[in-house]
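So the protein sequences, as listed, match chains A and B.
With our numbering, the residue at position 47 of the first sequence is 47, and numbering never jumps.
With our numbering, the residue at position 141 of the second sequence is 141, and numbering never jumps.
It is worth saying that the hints were derived from the structure and are not from the lab.
Cβ atoms here follow ideal geometry from the backbone N, Cα and C, with glycine treated the same way.
Do not take every clue at face value.
To give an idea of the interface, some chain A residues facing chain B are shown, with a C-beta separation under 7 angstroms as derived from the structure [to be verified]:
{"id": "1", "residue": "Met19"}
{"id": "2", "residue": "Gln23"}
{"id": "3", "residue": "Thr29"}
{"id": "4", "residue": "Pro30"}
{"id": "5", "residue": "Gly31"}
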Amino acid sequence: MNDQCGFTDLTEEDVLDAMRSMQGYVDITPGTFREIYALAYDLALKRVRSLGKAEDIMTAPVHCLHKGMSASEAAALMAGLGISGAPVLDGEGRVCGVVSEKDYLRTMGLPGTASFMTVVSTCLSTPGCMVADMRKLLVDDIMSTPPVVASRETPVAELSEMLARHSINRLPICDDAGRPVGIVTRTDLVGSMCGR
Amino acid sequence: MDYFKKMRGTTQSPPRVALPEVLWSWVGAVIGIALVGLLHARMVDQAGQALLIGSFGATAVLVYGAIRSPLAQPRNVLGGHVLSALIGVCAQQTLGATPWLAAAVAVATAIAVMHLTKTLHPPGGATALIAVIGGDSVHGLGYMYALVPAGLGAVILLLVALVVNNIPKGRRYPEFWF
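Produce the entire structure from the sequences given, and follow the hints as far as they go.
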């Protein structure tokens, strides 16, 4: 059996315990159940893998920011491109962090879960400009590090699991040297589910 | 050798069920068979028509004792008894002169037809066999045997199963109808 996380290591005792916890007579032997389970699991795995890999759904080329860029310059760049986040590259062109709306919100003293509405309501109730302090900052100061990245071969199912686990919205896809070759956003993932 | 190795078995028996399950199986069976038996006595008195046949004992095991089983679902209970009865009568009427052959063909064909129609119900095999070995009283019924006793008895056992099996919280019946 193709087993990667020990999930399919179902023992006969597990099956017996499960059967005991169900009320009523289940007319299947533990052995047959394990056989069905193994076959069904392999099919499910195949289905998940058939969703494809990162390179099938990523957006490329990817718009990048550079270390040393000011936070306001970066904000203007992203605003012009209509994106809400981007990887930050170091001098050698490797991804060394990711900047997103969330990092700006955090720098403004708002929680990472804040939305645009939080900004509006905070602005309306606070005198002065909330982002004034940011003018002196560089992207290096606000970016999230280390960057959460994936490779071209990462399966789509794993990408969505990574986004959920780290509560992030985009994953730079890097080559072996750490240079960005594309980016997968939540939008890309949603699109991949209906074959776009 | 693989062939003999297979005879050793590969797994173990499913666990024993809890006591409430035993009790509810008993209650269902006692009501179901009592009802069919009572009607049987009435019908034998008034019309000389039997209703209680041996295969219902086997049906009771399934519809009261193994209610999750695909073999115990309404489609299988009804379809299994009626189709097997028709096949049993047909075998009796065509091969009845050689009872052992009629019996064998009846049971084997009943299994095949139940498989093909997705109505496999083990007691159906007994219903087909009884059509052959049941004696003159059964032979005299002709194809009516499929309706009474086979069909009617199955319906009564099914109705009792529907009522009794859904009383306890942790039990439900059926898993599917057709």
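Notebook entry, point to check: Which earlier hints turn out false for this structure, listed by number in ascending order?
Noted result: Hint check: nothing fails, all pass.
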